[in-house]
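**Student:** This is what each chain is made of:
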Amino acid sequence: MSVENMINKRIEKIRGIIPESILEELREKVGKIPNLTPEELDKIIELLVKEYHNALVEPGEAVGTVAAQSIGEPSTQMTLRTFHYAGVREFNVTLGLPRLIEIVDARKTPSTPIMTVYLDEEHKYDEEKAKEVARRIEVTRIENVARSIEADLFENAIRIELDPVMLKDKGVTVDQVKRIVEKLKLGAAEIELVQENDTSVIIVRFSGELEIAKLNKAREKIMNAKIKGVKGIKRVIVQKREKEYVLLTDGSNLAGVLGIKGVDPTRTTTNSIYEIETVLGIEAAREAIIREINGVLQEQGLDVDVRHIMLVADIMTGTGKVRQVGRHGVTGEKESVLARAAFEVTVRHLYDAAARGELDELKGITENVIVGQVIPVGTGMVALQMKLRPESKGEN
Amino acid sequence: MARKFNVLEHELVPAHRVLSIKEALRVLRTLRAKPEKLPWLRENDPAARAIKAKPGDIVMIERKSHTAKKAIAYRYVVTG
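Residue numbers (the working numbering), protein chains in the order written: chain X, 79 to 474; chain D, 4 to 83.
Chain D extracted, bound-state conformation (with noise of 0.2 Å):
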């Protein structure tokens, strides 16, 4: 390929982030979910290669919802 292309500056790629261990543990609480309940995220993910993301993160999606404007979904990286 002639240029390199960061995959979340896509118009279809909504910002991810990894949170830190606090804000995880705090995301788990409120929604009183264990991690793996959550969606997945694959550690191989163009996205999740991106942002650095490594099994056991949870990484924030701020999706442009349909009918919200803004969601905020998690997912749970795993390795594969």
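Same shape as in the complex, but just chain X (with noise of 0.2 Å):
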């Protein structure tokens, strides 16, 4: 038998017992050790099962707090500025402890909502392709492509002047637009298209009595018709990662923007994690919170250990649905009243828990702390430990 095939019979045994990680540094590291007998492997593995059992966390351990100071203690360090470059210019993003409030209080929509969107193989290598597929996804409105949007009084009408330089770099013909106004439900009006020197123009003729008001409104409905594009989506620029260009996005709409052509939409993410939640579900709610915090706490330059960052993460996601970490979710839910009076609003708990009659089974922490007895943590979750068969039946 080949010592290659020891060592995989040997992992294979382990495997479910052990983490995969450390499998294959396992792998890796034994591979190297030269006249390796069987013997020493399976001394090896001995300990290592063993060590692996030393470091995991004992039951009663107090988790929750441990991860609690580890963020609480390097985001004392975090900035208290609000406003980062994200590696260009054009883009400011929410960072640091701005930010990580927003993750942990589970907002519907951050402040600044930014989708980073990858492309498909057909358009991630142009960058000619890679704006196509920008201006397919960044709305744009009538006003966007417009010279001037003017109201005419003398003759009842509104004429929009558009910009050749701007229809050319929205990749809008002055027919889309024409189009586009004749849909808008603007009322009895005449639609004409006439071409002054180099310039189209599209003229609304109003029939009927002249109202400024209502000319002024059709204006206002004019310039905020929307040509194309992705609801929510203000602005896209497109940047070069390595080989490949991906589009950034000012505004967010994941469910919009995973429907365009030309992007993929296995990668295209964004940071708003509500809707992370609605379009892909709870998983990957929580790997997106894991990694939104993981990324800000890197950004400020903190090394926090992402076990405490994915119990977090765990806590918020466990009822299938992102709760924040506050009034209205984890501490919000407690089951204990004690625990929830010792929070917030404690007179209001108390009188109704009083009025519906709750019990109190004291088994969490604060609980106890309030009447005095020892909490369950550590030792103290243990009220009595037996050994429930004789030790001459040998192992249980």
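What the hints contain is simulated information worked out from the structure, not anything from laboratory work. Treat each hint with caution, since some may be false.
What the hints assert, rightly or not - Within a straight-line C-alpha distance of at most 25 Å, the following computed SDA-like cross-link-like pairs (lysine to any residue) qualify:
(1) X:K412 <-> D:A36
(2) D:K72 <-> X:S99
(3) D:K73 <-> X:D392
(4) D:K73 <-> X:I100
(5) X:K399 <-> D:V81
(6) X:K399 <-> D:E39
(7) D:K72 <-> X:G109
(8) X:K318 <-> X:T190
(9) X:K321 <-> D:E14
(10) X:K399 <-> D:A27
(11) D:K72 <-> X:N372
(12) X:K441 <-> D:L41
(13) D:K40 <-> X:A461
(14) D:K67 <-> X:R88
(15) X:K399 <-> D:Y77
(16) X:K256 <-> X:Q273
(17) D:K72 <-> X:L101
(18) D:K40 <-> X:H386
(19) D:K72 <-> X:R369
(20) D:K73 <-> X:P137
(21) X:K339 <-> D:F8
(22) D:K40 <-> X:G142
(23) D:K67 <-> X:R369
(24) D:K67 <-> X:D392
(25) X:K399 <-> D:L34
(26) X:K441 <-> D:T33
(27) D:K25 <-> D:K55
(28) D:K72 <-> X:I100
(29) D:K72 <-> D:I54
(30) X:K399 <-> X:R345
(31) D:K67 <-> X:G142
(32) X:K107 <-> X:E129
(33) X:K412 <-> D:P42
(34) X:K91 <-> D:E26
(35) X:K91 <-> D:R32
(36) D:K37 <-> X:G442
(37) D:K67 <-> X:Y196
(38) D:K40 <-> X:D392
(39) X:K441 <-> D:R32
Given two chains presented individually in distinct reference frames, assemble the corresponding complex, making use of the accompanying hints.
**Tutor:** Next comes the structure, spelled out in structure tokens:
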């Protein structure tokens, strides 16, 4: 039997007990040892399993408190500065403490929603093609391609002077704009397209009485009419990352962007955890929370073990929906009356509990601190320990 | 939306699988837990719908863990 075979066989035996990453490390390190005997390998694996079990968190360990302190202490060193550049000068992104608070508060919309849009094979290597996708995503309104939109009071009409440069830049044709204007419910009006020198002008002539208020309203409507794009995406920039082009957007609409041609829907993400939850599900939200918090801490140069962050994400997503860490979530939904009362609005909780005849089973930490009992943490978890089987019957 | 997209293909979504009753019972036995003590997965969760999980099912999730490379987690499907 070859050495490799021997190693593989033993590794298979402990798979499921020892995590994958450690197994890989073991395979790599053991493979480098010259003249390894099966006995030596057995000894190594035995030690490894023992050490692994030693390193595990013990039952009763106050992991939540440790996580809170491990994230809380470094975050006091975070700058309070809200804005920072996301690699590009054009974009401001909320980072640091405000962003951290936003994530654990489970806000529906981040203060600076941003999407990272990856492109499919066809579009990702070519800047022109990337721009083409960007144009499909970015919301273009008539005001974005018009030089001027004016209400003409003498004619009872609205003049839309189109800007040829902007039309080309946004990839919109004059006919397209005209069709959009025709589709708007403006009331009885005649729509005409005329050429003046090199510019196209769309004239909307209203029949009937001249009403200034009505004319202004129609003008407003025309300005804001969407020609194309995904709702909510205000701006898109193209960025080169190593070999491929990636789009960054100001504004977020995951469901909308995933359906656009040229977008790679398997990698495209947003910094809005709520959108990820609704579009991709709770497990994706959990992963997004971990990545976002980790990203914030790392950007500030703080070294926090991911395990603490994973615990926070697990607690936030445990009920199948993202819950905030606070009044309307994790803390507010605690079972114990006393624990809730200890947090915020004490009297209210006690009144309600009394009215409903709630019972506090004194299972948590806070309740037991309040009544002055040993708290169920560490050795306090154990009331009585006894051996179930006599020792003579061998290992239990 | 222009195209239909399977959420399970997204990079953020780990593999989900509904366990058979036999498997589910074995999981609960090894964890020594009642199903409702597991983390929940809502019936209307996009990933749950993609694998057609119904309330009462136990779903196995194979996460790409930050620490262990691969980690198995279970969720109990509830209504809502």
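**Student:** If a hint holds in the structure, say so; if it does not, say that too.
**Tutor:** Okay, the hints, checked on the actual structure:
Pair hint X:K412 plus D:A36 holds up; C-alpha atoms about 20 Å apart against a cutoff of 25 Å. Only pairs whose Cα atoms come within 25 Å are accepted, and D:K72 paired with X:S99 is accepted, the gap being roughly 5 Å. Among the hinted pairs, D:K73 with X:D392 is consistent with the structure: their alpha-carbon atoms are about 16 Å apart, no more than 25 Å. Only pairs whose Cα atoms come within 25 Å are accepted, and D:K73 paired with X:I100 is accepted, the gap being roughly 11 Å.
Using a Cα cut-off of 25 Å, the hinted pair X:K399 and D:V81 holds, with the two alpha carbons roughly 11 Å apart. Among the hinted pairs, X:K399 with D:E39 is consistent with the structure: their alpha-carbon atoms are about 15 Å apart, no more than 25 Å. Restraint check for D:K72 and X:G109: satisfied, since their Cα atoms lie roughly 20 Å apart, inside the 25 Å limit. About 21 Å separates the Cα atoms of X:K318 and X:T190, which keeps this hinted pair within 25 Å; it holds.
Annotation: proposed proximity of X:K321 to D:E14 holds, straight-line Cα distance about 19 Å (limit 25 Å). About 22 Å separates the Cα atoms of X:K399 and D:A27, which keeps this hinted pair within 25 Å; it holds. A hinted pair counts as satisfied when its Cα atoms are at most 25 Å apart, and D:K72 with X:N372 qualifies at roughly 17 Å. Using a Cα cut-off of 25 Å, the hinted pair X:K441 and D:L41 holds, with the two alpha carbons roughly 18 Å apart.
Distance restraint check for D:K40 and X:A461: the Cα-Cα separation of roughly 22 Å lies within the 25 Å cut-off, and the hinted pair is therefore satisfied. Only pairs whose Cα atoms come within 25 Å are accepted, and D:K67 paired with X:R88 is accepted, the gap being roughly 24 Å. Of the supplied pair hints, the one linking X:K399 and D:Y77 holds, its CA atoms being roughly 15 Å apart against a limit of 25 Å. Restraint check for X:K256 and X:Q273: the C-alpha separation of about 13 Å stays at or below 25 Å, so the hint holds.
Between the alpha carbons of D:K72 and X:L101 the distance comes to roughly 10 Å, so the proposed pair stays at or under 25 Å and holds. Restraint check for D:K40 and X:H386: the C-alpha separation of about 21 Å stays at or below 25 Å, so the hint holds. A hinted pair counts as satisfied when its Cα atoms are at most 25 Å apart, and D:K72 with X:R369 qualifies at roughly 15 Å. Distance restraint check for D:K73 and X:P137: the Cα-Cα separation of roughly 23 Å lies within the 25 Å cut-off, and the hinted pair is therefore satisfied.
Distance hint between X:K339 and D:F8 is fulfilled; the C-alpha atoms sit about 12 Å from each other, no more than 25 Å. Only pairs whose Cα atoms come within 25 Å are accepted, and D:K40 paired with X:G142 is accepted, the gap being roughly 18 Å. For the suggested pair D:K67 and X:R369, the alpha carbons sit about 12 Å apart, so the restraint of at most 25 Å is met. For the proposed pair D:K67 and X:D392, the alpha carbon gap of about 14 Å is at most 25 Å, so the pair holds.
Restraint check for X:K399 and D:L34: the C-alpha separation of about 23 Å stays at or below 25 Å, so the hint holds. The straight-line distance between the Cα atoms of X:K441 and D:T33 is roughly 24 Å, inside the 25 Å bound, and the hint therefore holds. At roughly 18 Å between alpha-carbon atoms, D:K25 and D:K55 fall within 25 Å of each other, so this suggested pair holds. For the proposed pair D:K72 and X:I100, the alpha carbon gap of about 9 Å is at most 25 Å, so the pair holds.
With a CA separation close to 23 Å, the supplied pair D:K72 and D:I54 stays within the 25 Å bound. With a CA separation close to 22 Å, the supplied pair X:K399 and X:R345 stays within the 25 Å bound. Note on D:K67 and X:G142: the hinted pairing holds, with a Cα-Cα distance of about 23 Å set against a maximum of 25 Å. For a cut-off of 25 Å, the pair hint linking X:K107 to X:E129 stands: about 16 Å separates their Cα positions.
This hinted pair checks out: X:K412 and D:P42 have alpha carbons roughly 16 Å apart, not beyond 25 Å. Using a Cα cut-off of 25 Å, the hinted pair X:K91 and D:E26 holds, with the two alpha carbons roughly 21 Å apart. For the suggested pair X:K91 and D:R32, the alpha carbons sit about 21 Å apart, so the restraint of at most 25 Å is met. Our distance criterion of 25 Å between C-alpha atoms is met by D:K37 and X:G442, whose separation comes to about 19 Å.
For the given pair, D:K67 sits about 21 Å from X:Y196 by alpha-carbon distance, which is consistent with the 25 Å threshold. Our distance criterion of 25 Å between C-alpha atoms is met by D:K40 and X:D392, whose separation comes to about 13 Å. For a cut-off of 25 Å, the pair hint linking X:K441 to D:R32 stands: about 24 Å separates their Cα positions.
Hint compliance for this structure: no hint is broken.
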